[in-house]
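Taken in sequence, the protein lines are chains U and P.
Note that the first sequence covers residues 652 to 1015 in the numbering used here.
Note that the second sequence covers residues 92 to 779 in the numbering used here.
There could be a bad hint or two in this list.
[As the list claims (entries may be wrong)] Below, simulated DSBU-like cross-link-like pairs (lysine-lysine); rule was C-alpha separation at most 30 Å, straight line: (1) U:Lys-995 x P:Lys-773; (2) U:Lys-824 x P:Lys-602; (3) U:Lys-746 x U:Lys-757; (4) U:Lys-779 x P:Lys-657; (5) P:Lys-683 x P:Lys-476; (6) U:Lys-693 x U:Lys-756; (7) P:Lys-638 x P:Lys-602; (8) P:Lys-721 x P:Lys-683; (9) U:Lys-951 x P:Lys-602; (10) P:Lys-333 x P:Lys-602; (11) P:Lys-293 x P:Lys-333; (12) P:Lys-166 x P:Lys-541; (13) P:Lys-638 x P:Lys-541; (14) P:Lys-93 x P:Lys-166; (15) P:Lys-313 x U:Lys-779; (16) P:Lys-773 x P:Lys-721; (17) U:Lys-824 x P:Lys-313; (18) P:Lys-773 x P:Lys-638; (19) P:Lys-219 x U:Lys-995; (20) P:Lys-476 x P:Lys-166; (21) U:Lys-824 x P:Lys-660; (22) P:Lys-313 x P:Lys-259; (23) P:Lys-476 x U:Lys-779; (24) U:Lys-779 x P:Lys-394; (25) U:Lys-779 x P:Lys-610; (26) U:Lys-757 x U:Lys-779; (27) P:Lys-166 x P:Lys-219; (28) U:Lys-779 x P:Lys-602.
Simulated from the structure, these hints should not be mistaken for lab results.
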Amino acid sequence: MILKALDSLPRRRNKLWKLETVVDTESSSHPLWNTFQLDLEKVTNLEGLTEVRDSYLGRQRGLVALEMRKLGQFPPSERPEAGRVLNELKNAVLKALETRQTELKKRRDESRVREERIDTTLPGYNFKTGGIHPIRRVWREMEDIFVRMGYTVVVGPEIESDHYNFEALNIPKGHPARDDQDTLYINDTLLLRTHTSPVQIRTMEQHQPPLRIIAPGRVFRRDSVDATHSPMFHQMEGLVVDEGITLADLKGTLEVFFRELFSEETRVRLRPSYFPFVEPGAEVDISCIFCGGNGCRVCKRSGWIEVLGAGMVHPRVFSMVGYDSERYTGFAWGMGIDRIAILKYQVDDMRLLFENDIRFLSQF
Amino acid sequence: MKISYQWLQEFVDIDILGLEIEDVGNALTMVGLAVDVIEEFEDDYIFDVDVTTNRVDCLNHLGVARELAAQFRLKLKKPDFLPLPYDQTRAGGFPIEVSIEDSDLCPRYAARVMTDVAVGESPQWLRKRLESVGQRPVNAIVDVTNFVLFEIGQPLHAFDYHLLADSKIVVRRGRQGERLETLDGTVRHLDDSMLLICDGDKPVAIGGVMGGADSEISEASKTVLLESAYFEPSSIRRTARKLGLSTEASYRFERGGDPGLQVSALNRACSLIAEISGGTCVSPVIDENPVERKPQVLTLRGKRIAQVLGTPVPTEDVQTIFSCLEFQPEEETEGVFRVEVPSFRRDVELEADLVEEVARHYGYDRIPSHYPAATGVGRYADTEKIDRLLISTLVGAGFFEAVNYVFTTPAREAVFTKTIPPLVPVANPLTEVDTHLRATMIPGLIESVKQNLNHGVDNVRLFETGRVFRPGDSPSNEAHEERRLALVATGEFYGSFWNQLSEPFDFYHLKGIVAELFKHLRQPIEFQQTGDVPFLHPGIAAELLFKGNRIGFLGSLHPRLIETFKFPKAVFLSEFSLEEVYSQRLMEPEYKPLPRFPSVERDLSFVLDRAISFSTIDLAVQALQIAELKDFRLIDLYQGSRLPQGKISLTVRVTFVAPSRTLTQEEVNERFEGVVAALKQKFSIEQR
């Protein structure tokens, strides 16, 4: 029988096949057919349809089932014909129910899309995700660029020895450059590092060139808190040592970096300056990221913004870590992460970075 | 450092180039003398030049003019340094004896006596020069000494000759207990680390720092002794620090200066005094110069220039640059220069310094740009993956990252705990709020919560990563750093929403977040009831155990502190060390095939003593080691009036699954009954 055959087929094909095969029986000569048609016409929804289906096709009390059970009462000669008629009725009922169901579902969906309306401009749920600090945001951006450029990130302690923070960087006791970096001391030999250069010294002591490192981290100065100063801030320093590294490489590297960080149009300017651990030393300016170098409030009309100090590693620094300064040359630079953050987001007061005001933090 | 444009023009004909004043400023900037501001002063322009600490030679107009001359390849015109003749017939009336006792601190001392000077007001041109660089004119003699200082950089001092006992100058270390009233009217206590200028019986000046009030030039002065000396930089620096006294003289001496300039400067000053005040020299030029100095001679290889700068610089340029800078260059062999460094450039000590001189005047802007190819793969710090994992999870859970200062004070710590942990002291704090380093991040975060509440932000969730400090346990390890993560939360967990009620943030929210962090790290974490964290509510506190070690805590802020800070709601906090977490290898995800057979759940409700902690129940069930037990979780907890005193009711859901087959009813029943029996036996639970 057709239904049996249907059941044995894989479910997915079931419906397609059923639609095609059941189509051949569209009416029945059985007397129940007319009653069924009348009942079906009264159906207005899917629930009603289920009721009609149950009353005709229910396995126990369905009218078709009852008729089936009566088949035995027919004389044997009439049974085949009675059975055929009954089967025809069942198929016709199935087919009619199917058609009606499709119709009713369509009507239901049409009424749903017609009637259901929400105000989608009402506010969405506030998921309240948090956020990373603007310093970390900029720190990561900078770090990511250098890692893409093949640099390895190195870190070190915040409490440093005078040796690593000063002596090994060609800043002996009594050197006037110590005034530039007024230092918070723990005792005679320990201090809160004033830059992350000590990490570079430690790395050079442990590794031979070639070297391409950045040393980001927290640093300290004996400065009082105001709109542009903080006794604690963050710095990123870079160091490249290899044969044939030149000041031109420093310039090229910083150009690539600042174009990644700000925009393709960013220009880089080196001008002479002095840091005891580099020679030649340079102060590095970038073309103003706000006016493109034409002069504005941010760059004080100069077109340039001072962003970092740099230079070629001083031969004395190399000799202190046992590098041959005839064979190897290197460049180093250092910039304030907080300073870049303040510049990038135009934060008008550095204190905001350390106040943890969610009204501020949630803007990043 | 203020530099007058007109004054510069006395030494270099910069005006003939017809440059805009901004271009002159820019030229200075590009040779390393950064011009911050250009101001107008009468008919002059004043550059505010940022002179780096190595360039003491540029703390005067001649030095700056030399740089401009070199930059534009112009000729430098120096002032006249010829000595005035002296009146030998009158010399006998003005005896003077100069002796240096401590030549390690004073390698050179030149002096001359002039008499018949009229100490009056300086002429207009001199007053203008001084005023243009921010100096207040005093009298003709003092003004001349200041003029020479700003003109060529040599600090001078003028004594009233008649006030010097025994007509003597003795340069020696101070003695304990000696005192001197300096020109600023302050009585200075001297000691043997300081170099003094004394007369026959007492100090009359602190060498290189400030003169004494007693021998000061006044309108009554008729005869002056001019001092032009060179002092040892570190000694001046030490003395100036000790006295808290920084003067134009000490600022220059402590940075080095020029040991070859003393006589020239003296001659220049004498000529000016004679011109202005009409005096006569009555002594020869006295020049006590016991320390022999040889000029520094360095070798510069042309190929080293290219090796460092990345571009060759033509030999002619090298020659010209050094000539303009008054270095004596000599090409010894092809491309190799012998360079004699002038005495005013004591900062030039190595070939690298010469390379910088070439680069400065060849032009940093002419250095080409080259990107060096990468030599390997870049790597993040070992801790970065863990940090990013922790931070992204916390951000997802609604936490904002805080950054607090690492400073604290014992008084502030005392607010949080009666037994303050040992703190690392800062030896030279700038203010009273940064005397020590923090031992915990909690006080900072609690104060941040307070600030936010004050600003009307009611729901505060903050985290901070950073270091805390404690004194080391040995002289070789004097301070110890530990990296930590701290969390704080107060307010609502679900914010109130227009179609939903809010839910207050509670202990279990924070615990869930901490557990989630460790789930993401794929590392185990255990929570154990504790009562010993001084700033936590003793009944609402847990310690965090990582591989058996206590790494931190989690809990509710102590009611005492809730009161202290006037917090409207409970505040939950956690802090733990990341050191052990960092020391673990970051676990990669481990794939387990998805179950192919259905799992079966059974719920169990039971009543038990509330003193029994859930973790003991959980552990007891795990201890049964039922292979098919997939999950044992609490789905409901009731404690209330419908239960006997001291009892609570729990509902747990137990899930069973087998990897290779569907469990039968009987198998599930057997295992479930095993769980129930174990709980009955161990904890006397009553099944409901």
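Are the Cα positions of Lys-773 (chain P) and Lys-721 (chain P) separated by 30 Å at most? holds (21 Å)
Would the pair Lys-166 (chain P) and Lys-219 (chain P) pass a check requiring their Cα atoms to be no farther apart than 30 Å? Distance ~26 Å between Lys-166 (chain P) and Lys-219 (chain P) Cα, so the pair holds.
Given pair status - Lys-610 (chain P), Lys-779 (chain U), alpha carbons within 30 Å: Within the cut-off at roughly 22 Å; holds.
Does the structure keep Lys-824 (chain U) and Lys-313 (chain P) at a Cα separation of 30 Å or less? At roughly 44 Å apart (the allowed maximum being 30 Å), Lys-313 (chain P) and Lys-824 (chain U) break the hint.
When you check the alpha-carbon spacing of Lys-721 (chain P) and Lys-683 (chain P), does it fall within 30 Å? holds (13 Å)
Starting from Lys-779 (chain U), check that the Cα of Lys-394 (chain P) is at most 30 Å away, please. Not satisfied, since the Cα-Cα distance of roughly 62 Å exceeds 30 Å.
Between Lys-476 (chain P) and Lys-166 (chain P), is the straight-line Cα distance small enough, at 30 Å or below? violated (61 Å)
Going straight from one Cα to the other, do Lys-476 (chain P) and Lys-779 (chain U) come out at no more than 30 Å? holds (24 Å)
Does Lys-773 (chain P) sit within 30 Å of Lys-995 (chain U), going by the straight-line distance between their CA atoms? Not satisfied, since the Cα-Cα distance of roughly 63 Å exceeds 30 Å.
Need the status of pair Lys-638 (chain P), Lys-541 (chain P): alpha-carbon distance at most 30 Å? violated (35 Å)
Pair hint outcome, Lys-824 (chain U) versus Lys-660 (chain P) [Cα-Cα no greater than 30 Å]: violated (53 Å)
When you check the alpha-carbon spacing of Lys-951 (chain U) and Lys-602 (chain P), does it fall within 30 Å? Not satisfied, since the Cα-Cα distance of roughly 51 Å exceeds 30 Å.
Figure legend: structure checked against the earlier numbered hints; hints not met, in rising order: 1, 2, 9, 10, 12, 13, 15, 17, 19, 20, 21, 24 and 26.
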